[in-house]
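S.K.: Chain by chain, the residues run as shown.
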Amino acid sequence: MTAEKFDYSHEEKLEHCEGRPVVLSTHGLTKDFKHLRAVDGLDLSVCRGDVFGFLGPNGSGKTTTIRMIFGLIYPTSGYAQVLDHKVPADRQKALRHLGGFVDDPMFYGNMTARRNLRMLSRINGEVSEERISEVLDMVGLLDRGNSKAGGFSHGMRQRLGIALALIHKPDVIVLDEPTSGLDPQGMKDVRELIRQLGSEGITIFLSSHLLHEVELVCNRAVILNKGRVIVQGPVSELHPASHAVKVLTGDQGKALEVINKMAAPGGVREDEGYIIVESGDGFVPEMVRRLVADQIDILAVVPAVEQGLEDMFLELTSETSAAAPQPTKTRKGGRR
Amino acid sequence: MSSIRREFVKTLFQRRTYIGWGGLFIVPFLIMLAFRFSDGGHGQNAGQADVGGFIMMGVRSNGMFLVIAALFVMSTFFLPMFASMSGSYTVAGEAEKGTLRTMLMQPVRRGTLLMSKWLVSNLYVAICLFLLGIASLIAGGAVFGLKATPLFTGQLVSVWHALGLAAASYLFMFVGMMCVVSLAVLFSTLTDSSLTAVASALGLVIVMLVLGAIPQFDFLKPYLFPGKFMEFTNFLRSPVAWMPVIKALITFGVWIIGTTGIAFWRFSRKDILS
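Which chain is which? The protein sequence lines are Y and F, in order. The opening residue of the first sequence carries number 3 in this note's numbering; numbering runs sequentially from there. The opening residue of the second sequence carries number 4 in this note's numbering; numbering runs sequentially from there.
Hints in this document: simulated from the structure, not taken from any laboratory. Quantities reported herein were computed from a predicted structural model and do not represent experimental measurements. Heads up, the beta-carbon is just placed ideally off N, CA and C, and yes, glycines get one too. Some hints here could point you the wrong way.
[Stated by the list, open to error] The list that follows gives simulated cross-link-like pairs (lysine to aspartate or glutamate, EDC-like), each with its CA atoms no further than 20 Å apart:
#, chain 1, residue 1, chain 2, residue 2
1, Y, Lys-150, Y, Glu-136
2, Y, Lys-256, Y, Glu-239
3, F, Lys-273, Y, Asp-92
4, F, Lys-273, Y, Asp-105
5, F, Lys-100, Y, Asp-105
6, Y, Lys-36, F, Asp-274
[As the list claims (entries may be wrong)] Cβ-Cβ distance ranges computed for the label pairs, FRET-style:
#, chain 1, residue 1, chain 2, residue 2, range
7, F, Leu-252, Y, Asp-92, 50 to 58 Å
8, F, Leu-198, Y, Phe-35, 19 to 27 Å
9, F, Gly-167, Y, Asn-112, 32 to 40 Å
10, F, Ser-5, Y, Lys-95, 14 to 22 Å
11, F, Ser-5, Y, Asp-92, 46 to 54 Å
Could you put together the complete structure from these sequences and hints?
M.R.: Rendered as structure tokens:
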């Protein structure tokens, strides 16, 4: 799959929302650091209810983009938008609808987790102690609420960061690599939590360099490389399930003739002694019946290896790296 | 107000806050002990015109002088150090701990945040001075007694009058320290290291003191605020020498407005990369 399959125009993206409002978008978002263009004309939109994967290798501009969304750094050009509020112009109002963290979430070490949440969340309005307990419970920190945050491990800070993000029930939660540095159980717990939040209709913008993670929890995703979108769309389309099967028979020549008559043109090829068939619904049982009818011994019919998102990701990022122009050259919008 | 309260609570949750306040509370007792157990060997300088000598000689006979002596001793280095530490932590300290981005990801205006931090830093210094004054009064009163106090100009004033003059001196010094806080806040917005900000602010204060002491740089004197800290001694004259006091306050005001203004300008445009 290549970038050509996707259209990045705003209209197309809105169509993807299927009537749901766009809650988070970026418009030609660009950031230059001296001689480096970290983010290059980024256009993306997140619809309400999406669990949106923001994928890219290290240094691709993910964290810089998130910092611009939160108004921590100023874009060289373009802007982010949360509902109707543009960032940085209307940053304060936008942040009332955003929750999340960037990089490793840090808290005041001499204060308890509960006091950190109380102090930070009250910037955005009153929060009851019950709500604080509720979010601490959601992230599995209820029993550590009165412990000082300074003694928290990286994983516990990640959880506390998610608790802070959730406390005001924002329209969008932006999480920057929330499972990085966690042990396998911690990763599993956080992913489960994200999935649960997604199932409750909370919009989540999940930055990650773990493709498997995005496949597990996201419904839509964008792949970023060198600050540019190289592909975006529903995860199911980004990662097409291959229906190809590998067939091994007692008489491959005869079997090939039979299958060629059945399959669509170009749908059959040979590879390492196997017949590879691009199969549609109901094709495999019919093929087996024909081969049996023609008295061809079937030794094996197995799924062909799928092209995973990871393969596609590596393919796309290596393509764009090879074709990348000078970093400071402006390339706004358009297809990447 | 909630923003100021939040910043103050954060200050109260830092151990160094109490170390600073505790240290300043102890200093007058140390000075008192030094005078109490000294042999009075500096008595030969009694009556000299030198202001420092006059204050120091007065301590052994009147506890009121300890209140002024503590301010005199602390004003050239230790108070600027506390003020620069307080101001430097505002932005750079939080940046190096990573909590600045946590705070700025909440819907808070950068200007409001910096203003709150600036105010709380100054409040910290005000409490430092208050504790210094109170501790001096306790230590001096307990050991040397509080009596009618002679001024530099020879008049004797009542304890209450002397307390009023001491309060004015402390207030004056507080305005002077606001310059140091503002300078430190400015450096704090320029770096993500609080130590660098402390060193820069304190270093600049010392450089200005040195410049003020070199005759060749006399033309700079009116603009160098650290050299004006000692102008508080003008309150200990009768009548009060208002002109140098007012000139010093104008210098302080210009520095406070100038450095704080640049700090606001810088912070409102700063990319938070920490």
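S.K.: Now tell me if each hint is right for this structure.
M.R.: Each hint, compared with the structure:
1. This hinted pair checks out: Y:Lys-150 and Y:Glu-136 have alpha carbons roughly 18 Å apart, not beyond 20 Å.
2. Restraint check: the Cα-Cα separation between Y:Lys-256 and Y:Glu-239 comes to about 35 Å, which exceeds 20 Å; the hinted pair is violated.
3. About 17 Å separates the Cα atoms of F:Lys-273 and Y:Asp-92, which keeps this hinted pair within 20 Å; it holds.
4. The hinted pair formed by F:Lys-273 and Y:Asp-105 meets the criterion: a straight-line CA distance of about 18 Å does not exceed 20 Å.
5. For the proposed pair F:Lys-100 and Y:Asp-105, the alpha carbon gap of about 13 Å is at most 20 Å, so the pair holds.
6. Using a Cα cut-off of 20 Å, the hinted pair Y:Lys-36 and F:Asp-274 holds, with the two alpha carbons roughly 13 Å apart.
7. Take F:Leu-252 and Y:Asp-92: their Cβ atoms lie about 40 Å apart, and the range 50 to 58 Å is violated.
8. For F:Leu-198 paired with Y:Phe-35, a C-beta distance near 25 Å keeps the hint of 19 to 27 Å intact.
9. Taken as a hint, the range 32 to 40 Å holds for the pair F:Gly-167 and Y:Asn-112, whose Cβ atoms sit roughly 39 Å apart.
10. Under the hint 14 to 22 Å, the C-beta atoms of F:Ser-5 and Y:Lys-95, about 18 Å apart, fit the expected range.
11. The given range of 46 to 54 Å is broken by F:Ser-5 and Y:Asp-92, whose C-beta atoms sit roughly 21 Å from each other.
Of the hints listed earlier, those the structure fails to meet are numbers 2, 7 and 11, in rising order.
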